[in-house]
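Spelled out, the chains give:
Protein chains: 2
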Amino acid sequence: MTIFEQIDLWTSRIPLEEETASERKSISMEILCRLNSLTKPQGSLGRLEEMILWYGLVCRRSLFPDPAGVVAVFASDHGIASSGVSAFPQVVTVEMVKNFASGGAAVNVLARQAGLELMVFDMGVNADLSFLHAVVNAKVAYGTKNFLTERAIAPAEMAQAMKTGFGLSVKLKSQGKGFLVLGEMGIGNTTSASALIAALLDLPPALVTGRGTGLDDQGYRKKLAVIEQALSIHMPTISFPVEWGMAVGGFEIAAMAGAILGAATVGLPVILDGVITSAAALLAWRICPRVKHCLLAGHVGHEIGHRAVLEHMGLDPVLDLDLRLGEGTGGVLASQILKSSISLYGQMATFEEASVSGKI
Amino acid sequence: MTIFEQIDLWTSRIPLEEETASERKSISMEILCRLNSLTKPQGSLGRLEEMILWYGLVCRRSLFPDPAGVVAVFASDHGIASSGVSAFPQVVTVEMVKNFASGGAAVNVLARQAGLELMVFDMGVNADLSFLHAVVNAKVAYGTKNFLTERAIAPAEMAQAMKTGFGLSVKLKSQGKGFLVLGEMGIGNTTSASALIAALLDLPPALVTGRGTGLDDQGYRKKLAVIEQALSIHMPTISFPVEWGMAVGGFEIAAMAGAILGAATVGLPVILDGVITSAAALLAWRICPRVKHCLLAGHVGHEIGHRAVLEHMGLDPVLDLDLRLGEGTGGVLASQILKSSISLYGQMATFEEASVSGKI
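Chains as they are written, first to last, in numbering that gives the first Met the number 0: chain F, 0 to 359; chain S, 0 to 359.
Everything labelled a hint here was simulated from the structure, so no lab data went into it. Please note that the accuracy of each hint is not assured.
Identical copies look the same in the list; a pair holds intra-copy or inter-copy alike.
Derived SDA-like pairs: lysine to any residue, alpha-carbon spacing no greater than 25 Å straight-line [unchecked claim]:
id, residue 1, residue 2
1, K176, G114
2, K24, N136
3, K162, F130
4, K291, D321
5, K162, S342
6, K97, L206
7, K176, Q112
8, K291, D319
9, K176, I359
10, K176, R111
11, K97, E18
12, K170, A205
13, K144, T10
14, K172, G345
15, K358, D127
Model, not experiment: these values are computed from the prediction.
Please put together the full structure from these sequences, using the hints given.
See the structure below:
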């Protein structure tokens, strides 16, 4: 099966709007009815009520228990890193994966605090990590190719990386997990993400490219030039969105796009993190716009490409905390708000139960 | 001791900027030094890093354990409620206090989820609640007077209500609590808060008055007219900010203003919730501007007066979720972000510990 056939098969399984319209209507009615019975002025939980409704519609249920969530961090290396587009050396990818494995990174701390299970996937780190038992070995290759000189990802590699993500969503849903937070690690991956966003939104790279982990002016100009050159090199060869994913993407971006396609298929709520996860969402959305219903934008961060994607896709971020760390950190923070919303929905007393008077 | 002497005594104990300048400088340096040693790009935790710095400066420490937080809900009735300014009947105040006592209100659910201790204070509910063991009996009177016809709060009552709050902050600090989230309940209290904000900011009531728990157009016009009339009645009699608190305030607002003065004195971080807690912060700030250093704006909500106060005081809200519930709900949600920040600061590995390479 080619990558195109694979994608056709996947997207054919994502429900059409009209297939679920009447079910969605009745779930919405039931959720709103319960929300309005709780001891609070109608609508006074604002965005939290929207999140409850979103959650119920993705899960296709009007009543749900407090969810067990998972944050999956997809790590991979990027050939483009050798073109000097990052403030950190490429070896930091593998070093940070080891940091995830030993529990010392930001996402470890946040996942523990938020009560989420953390899964780390080696999608293509440039080192053998099979000895790390805390890391899922899903390695496609030892890093992507440098997209300044060739296509970053071959079609068979793309299918393999996407399958890892797709399979994760299917598995988590079958295990009864409540939601998936997407996270990533990979030196050079804001360059890959910005190139992908510029290509898929047809915007000048300067409008969607930031300073990543902290480039200086010279480094930023170089990053921008690299992206501009890469886009002009690959442009003539491309007809479909997934080909942009292969041309300038990363294995972690492909895996997350696959996870989103899988989540949309099985009805698993997905919380996005920063610009890399948003680039993956954009790729999945361009492959099949129906994935949008399962997505929650956890936050909007520092990278300008992040805001551009969210605005284009019409996703309203839960948090705005000027984060630029990645790893899923903003997504995990937002998951606390989601969990709070769901607890309120499940545990608050109704006017009747608490004998509280209604509106005059 | 008059209320004015009481306030002079309190404010004299809040440290002056110049007294703590060198200490604050060294604490800031130590915190930034540790933040920059953690395995993340410098500054990449954005607002979370600012919150860590704020927390350390209020506590006057550069290292701190994961904090035990308290949310205090101050409940009281308002004479102005009889002028028909709320969408709900006055009896909802006592009904909701019972709901707090039995654990079914929104703030109960959120406090449980965030791991905060919830304390409920009867500051002046219009019913005998002394039989509720889960409620602290700090009743000043059975509701305030109607401020359309007379001063809402007598000077001795004001001192008593403020002392309750002040004493709470002193006690929590001595118990080693890490922070205090302010919350409130009281039918009619957005009218009281908006009147206080309009008076203290010298703004037209229409710019700081919202629909509270859900007034219709007619109700909103009435609320606005009530506030305008009240301000013109009391204006000629008033020389000091605290007199506005007595003229149009509430016992819960007075208690929260006292809690903020106490918190600034002992170095207890305070998280504000909605428009009522912000009105209390504004009153405390007009009494003594040095209280500002201990305040964190948990969120900015639906009520326009809320945003006006935060902008005027230069407080940048952590969350923006369109909440309009009160009870401390937005403050408790924001406390999760604060607790996450403090956990990151305390638990993340350093570059050295994790053997992660630094910037090129």
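Taking the hints in turn, this is what the structure says about them:
no.: 1; hint: K176 / G114; result: both (13 Å within a copy, 23 Å between copies)
no.: 2; hint: K24 / N136; result: neither (42 Å within a copy, 47 Å between copies)
no.: 3; hint: K162 / F130; result: within (23 Å within a copy, 62 Å between copies)
no.: 4; hint: K291 / D321; result: both (24 Å within a copy, 23 Å between copies)
no.: 5; hint: K162 / S342; result: neither (33 Å within a copy, 35 Å between copies)
no.: 6; hint: K97 / L206; result: neither (34 Å within a copy, 54 Å between copies)
no.: 7; hint: K176 / Q112; result: both (18 Å within a copy, 19 Å between copies)
no.: 8; hint: K291 / D319; result: both (20 Å within a copy, 23 Å between copies)
no.: 9; hint: K176 / I359; result: neither (42 Å within a copy, 40 Å between copies)
no.: 10; hint: K176 / R111; result: both (16 Å within a copy, 22 Å between copies)
no.: 11; hint: K97 / E18; result: neither (45 Å within a copy, 45 Å between copies)
no.: 12; hint: K170 / A205; result: neither (39 Å within a copy, 54 Å between copies)
no.: 13; hint: K144 / T10; result: neither (28 Å within a copy, 65 Å between copies)
no.: 14; hint: K172 / G345; result: within (21 Å within a copy, 34 Å between copies)
no.: 15; hint: K358 / D127; result: between (64 Å within a copy, 23 Å between copies)
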